[in-house]
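Chains A, B, C, D, E and F are the protein sequences, given in the same order. Read in full-length UniProt numbering, the first sequence has 18 at position 18, and its numbers run on one by one without any break. Read in full-length UniProt numbering, the second sequence has 88 at position 88, and its numbers run on one by one without any break. Read in full-length UniProt numbering, the third sequence has 18 at position 18, and its numbers run on one by one without any break. Read in full-length UniProt numbering, the fourth sequence has 12 at position 12, and its numbers run on one by one without any break. Read in full-length UniProt numbering, the fifth sequence has 25 at position 25, and its numbers run on one by one without any break. Read in full-length UniProt numbering, the sixth sequence has 220 at position 220, and its numbers run on one by one without any break.
Worth double-checking, as some hints may not be accurate.
One copy or any two copies: either way a pair holds, since identical chains are not told apart in the list.
Unchecked claim - Straight-line distance between alpha carbons at most 30 Å, and here's what the computed BS3-like set of lysine-lysine pairs gives: (1) Lys26 - Lys152; (2) Lys84 - Lys152; (3) Lys26 - Lys86; (4) Lys86 - Lys50; (5) Lys56 - Lys84; (6) Lys237 - Lys50; (7) Lys238 - Lys152.
By construction, these hints were calculated from the structure, which means they are not laboratory data.
Number of protein chains: 6
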Amino acid sequence: MSNQNRPSGRAADALRSIRLTRNYTKHAEGSVLVEFGDTRVICTASIEEKVPGFLKGMGQGWLTAEYGMLPRSTHTRMDREAAKGKQSGRTQEIQRLIGRSLRAAFDLEAFGERTLHLDCDVIQADGGTRTAAITGAMVAAYDAFSELVESKVIAAVPAKHFVAAISVGVYRGTPVLDLDYLEDSDCDTDMNVVMTDAGHFVEVQGTAEGEAFDRATMDRLLDLAQQGIFEIVTLQKKALGLTR
Amino acid sequence: MSNQNRPSGRAADALRSIRLTRNYTKHAEGSVLVEFGDTRVICTASIEEKVPGFLKGMGQGWLTAEYGMLPRSTHTRMDREAAKGKQSGRTQEIQRLIGRSLRAAFDLEAFGERTLHLDCDVIQADGGTRTAAITGAMVAAYDAFSELVESKVIAAVPAKHFVAAISVGVYRGTPVLDLDYLEDSDCDTDMNVVMTDAGHFVEVQGTAEGEAFDRATMDRLLDLAQQGIFEIVTLQKKALGLTR
Amino acid sequence: MSNQNRPSGRAADALRSIRLTRNYTKHAEGSVLVEFGDTRVICTASIEEKVPGFLKGMGQGWLTAEYGMLPRSTHTRMDREAAKGKQSGRTQEIQRLIGRSLRAAFDLEAFGERTLHLDCDVIQADGGTRTAAITGAMVAAYDAFSELVESKVIAAVPAKHFVAAISVGVYRGTPVLDLDYLEDSDCDTDMNVVMTDAGHFVEVQGTAEGEAFDRATMDRLLDLAQQGIFEIVTLQKKALGLTR
Amino acid sequence: MSNQNRPSGRAADALRSIRLTRNYTKHAEGSVLVEFGDTRVICTASIEEKVPGFLKGMGQGWLTAEYGMLPRSTHTRMDREAAKGKQSGRTQEIQRLIGRSLRAAFDLEAFGERTLHLDCDVIQADGGTRTAAITGAMVAAYDAFSELVESKVIAAVPAKHFVAAISVGVYRGTPVLDLDYLEDSDCDTDMNVVMTDAGHFVEVQGTAEGEAFDRATMDRLLDLAQQGIFEIVTLQKKALGLTR
Amino acid sequence: MSNQNRPSGRAADALRSIRLTRNYTKHAEGSVLVEFGDTRVICTASIEEKVPGFLKGMGQGWLTAEYGMLPRSTHTRMDREAAKGKQSGRTQEIQRLIGRSLRAAFDLEAFGERTLHLDCDVIQADGGTRTAAITGAMVAAYDAFSELVESKVIAAVPAKHFVAAISVGVYRGTPVLDLDYLEDSDCDTDMNVVMTDAGHFVEVQGTAEGEAFDRATMDRLLDLAQQGIFEIVTLQKKALGLTR
Amino acid sequence: MSNQNRPSGRAADALRSIRLTRNYTKHAEGSVLVEFGDTRVICTASIEEKVPGFLKGMGQGWLTAEYGMLPRSTHTRMDREAAKGKQSGRTQEIQRLIGRSLRAAFDLEAFGERTLHLDCDVIQADGGTRTAAITGAMVAAYDAFSELVESKVIAAVPAKHFVAAISVGVYRGTPVLDLDYLEDSDCDTDMNVVMTDAGHFVEVQGTAEGEAFDRATMDRLLDLAQQGIFEIVTLQKKALGLTR
């Protein structure tokens, strides 16, 4: 049923079409192209046989994430961060969020003194790049650990739960799920939620870009987020062949 | 009534002692020392008679924030960011949060082509530096605008609402208000909430550092935050002489 | 006919399969995915309505290029240049080469005070990324200028010639065309040649990685390069619909 | 007796009111707020259980200093050095001066393979911040070493002498002691002198900002400095409870 | 016989006057002032008793080069790279070229775990600074290794061949040897060639700054380069007293 | 008369041999090679037809200085500052000193909206590079202004006085003039003095590297400095042909 209110015609609680393409590039241990509508992010998972200094000799692993956007992934070209010589505050905020979210998904003590590097690079942006990145990184990480299992380095994929992420927000007065760029650039509130497949919160980051919002709206946004995340986790598990 | 559970003996819903000292230094248009227990932050508000390039000629103002910690404001000395040549991701995340929160408090179109710079520098850290910073910056900004009113540059302080901030979290299984350092470094969940004096949300940033948390916990944390913020707004207004 | 000498079995003068996919992403004025075998590079062309300071008021345009590799486009993960805070010497060398090559293809005086930004980002590397980048950037730039023609901003695409690029080298004693990664990492000589569709040289960059090479070898390498470039230019024109 | 010549009415050879507040913050081994009139600097001394690479295994300690100003410690807001990504030449000059001065005060061979970090952060500037910083850092360092004595790590505070610092200058033709901001920004000559409690020179840095000055003036300035430093050393020792 | 065509009156195949002054400064193991006409470059060779991390324990040496220009070595003053905080792309390109060229001249396995640092600093620029640098660095490196031979650290200078470099180009339609600044800034093609004393190619870097050039021109340029390099190698050997 | 005490055999009050070679390079408006014994510094003066932003439209000129050392100007090779991406604190301290000293020599209001850039680059270091730099820069600046006089841009060289610089120090208990490297690296006190030809102080920077020094020593050092500077100014004027 089409919706007059949203530019895309989606219902308030409808996700965009979400696709997860595994083995997207050939070198990485895990490599996923994730698409949330027109938003496209390449997520690779690389295993390195060492840990950062602060963990040396402690017998546990580490997981870290980096995020980037191709200069013309956006409507108007952005400066290339490598050329400017620094990552923006926004970039750092997002890659810290991805790292925390994925560390919540895996048992760092169960994969030895190794580091899992997650690289999330936005090829095309249309809103929701950070939530797409977390969602795709979960699958890429799972694939990378599966490779360690296959080569008998570890006994099982050290996943504690699945994590997925989605944005919710208030667009023209209505709480909606999975904002695209047109909505994102014109909304009053934007909230990113990261949840486990058990429906527990890993991260909540909400910002009132226009009007501050009341508790009832907050409650409705959290409901929408949970519904969306359950749908996305199903897609993740399907993509990995864990369910049908 | 003392509480066995919290290191400080505070009740689960008790704030630390909060103090706001105005005119703490002499040069800034607004200058506040804010204390949340042993956490001490100097917040200054400086008015500059120009706006960033992207706002030139648009007849409106801008508000921006920076955050820093003295190297030995913490238990062990941190490297000085100016000497390292860059601000950490954490620093940038916090100063972006402060900026967004305070932009929500004031009407940027009502103070002409001026920039309000908020500088929040932590002298002593004991948990909750970012929430103390937002709380103190509100008062410093109010003072700076009041000076513009007194010198008849603008007609009234362009405040849309008061904003204040507090942290809540789950410490040893119990939702608590206003975490100090001992709690913060050993909690499962840490959430920072920024709200208006009307009880509307400006920012919510929650992270499950240990276990992911369920919706009931989320609800309890938001209740605690609202109660704490109402108490803090009262202190802000008292400090400014707006109420008794 | 398969070749015992080359890991891929290609004949000494055989290119890899080359593909040019236009309109690969949706925001850029020109956007091409170029593939030389397993090497995949996204080339976007962005038009900006201004020129660098040194050209202001001179009534002519400018063209500039940037190059990057996704951290896990390679066999082992490379550090992200944006995170390290600087582009490597190799990166700068390559993007300067792309810029000079493409400036040779277009008449900078014929498109007004505009800058064409070419961004070449390697998604997957298997040797020859810089020659693929130049080849794809030519097509992306052509598309971007065509858009200006369609919107009647300029009268015609200001191309002076087509340019394309290919590598040649000495692999296990034999001069070969279009080195892939296995050859590139074990060759004695590596030369990148950029030529116009008239067979004239735009750039020649040859390096004896192992043994220095004699004049007869040089002559053979230049022959191979010219043959390969003629084949590639045909593909470029076909992709653009300029020939069948 | 008031002086018509100086903005503050001080006699030519009168110091401003100088205060030293120990234990100003709670984490540092030594922590002093030093005030020279309206100039306020927080000096902390932090002990780290290692030395820089060039001293490893040599059985001696090291002492180093850093200096900073809060952005709005001054009349008009200065850019934050951490945000700009580098320390100014002035900042580096001052922190090198503080480091050399304090290394002259202590016996580096007498406290083992430890580093004493001195951080001098200006909260409010009104002239003479570097001399205040040296003066306060001496007391903070003494306190930090005293803590090592108390915990029986070393046998005695390894002080060779006390050092203190003061500025002298030529203001409107008259040599004066301890320039405040109004004098400093309008003087012909500005000289910073660091001396031991025995009246021996550790550092002399004089600059003719306006007219070059003659030898007789130099002699008078050095006399004033010595008198001032003797007064300051007395205050330092009193603050530490070493004399009454 | 003077040439109407070239600003200097040189014949098309005539080098400028080339001079190599050994022991130009006193500290370096090898130190050469090289002059190609008015182009003057100081080349020093410094031996360090360690290798970069990636070679540790492999029993072989390393050779690396850096290049710089004094700010006023050029017609108009350039910004100082140390002050700007980064080396330009051009500088990096040149120092990488010098490094590769000289690594081709020496047997890195024959001088133990040592690094030879070549520093090429342009005192006065008049075209051809990179070819002068390579030419001078060869002699400085030879001197540095000779010192190791004299002190009986190694048995013989580990030279595989001599390398020298020269530029060739097309100036006003004529292929010419050794472009000076006037020619360089107004030529259609500029090519730098590095060759061994056996006439084998080490590096070729040609750029069509104006018109792309055909194969016949390429052949003529390579002939000129070979002739010039044979003359230069003779001068290098004479300077070192290896021939008369 | 030779001196047993000093490594060079110089008398306590003897300068090294000082040479000033004008027109050392051809592009700069002023270009001087200054030698203090084995210390050799190239000083160039470049005139730019604009002033920094803070002086725009004020009708006066500006003078600024930069300092650098070639990596192997010293006994062991130093890292290249351009490659490290920043100038050391020592470099900045020295170039600020050179700038202040030369600004004291010239009337900035008398040469229009122009900037004089002084670049002092150390080719070979043997102690006293900063004093040699100031001494040489004075002559280079004079030459640059003379060129403006010759081309009738200004009426006269805007020199207020001559400035020159020398180091003095306490070497093995004896105050000596003009320390060379052997003395400098083993002295108790090192003081750099910049004076006008009238014997007035422009800068005094003294440091007790070992023992703090008393007032009598200070007086003797200032006497030595004045004597040395008078000798150097005579050499400067002779080099410029102002006296015989």
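Here is how each hint holds up against the structure:
{"no.": "1", "hint": "Lys26 - Lys152", "in the structure": "within (21 Å within a copy, 43 Å between copies)"}
{"no.": "2", "hint": "Lys84 - Lys152", "in the structure": "neither (43 Å within a copy, 34 Å between copies)"}
{"no.": "3", "hint": "Lys26 - Lys86", "in the structure": "both (29 Å within a copy, 27 Å between copies)"}
{"no.": "4", "hint": "Lys86 - Lys50", "in the structure": "both (26 Å within a copy, 24 Å between copies)"}
{"no.": "5", "hint": "Lys56 - Lys84", "in the structure": "between (33 Å within a copy, 22 Å between copies)"}
{"no.": "6", "hint": "Lys237 - Lys50", "in the structure": "within (29 Å within a copy, 48 Å between copies)"}
{"no.": "7", "hint": "Lys238 - Lys152", "in the structure": "within (24 Å within a copy, 49 Å between copies)"}
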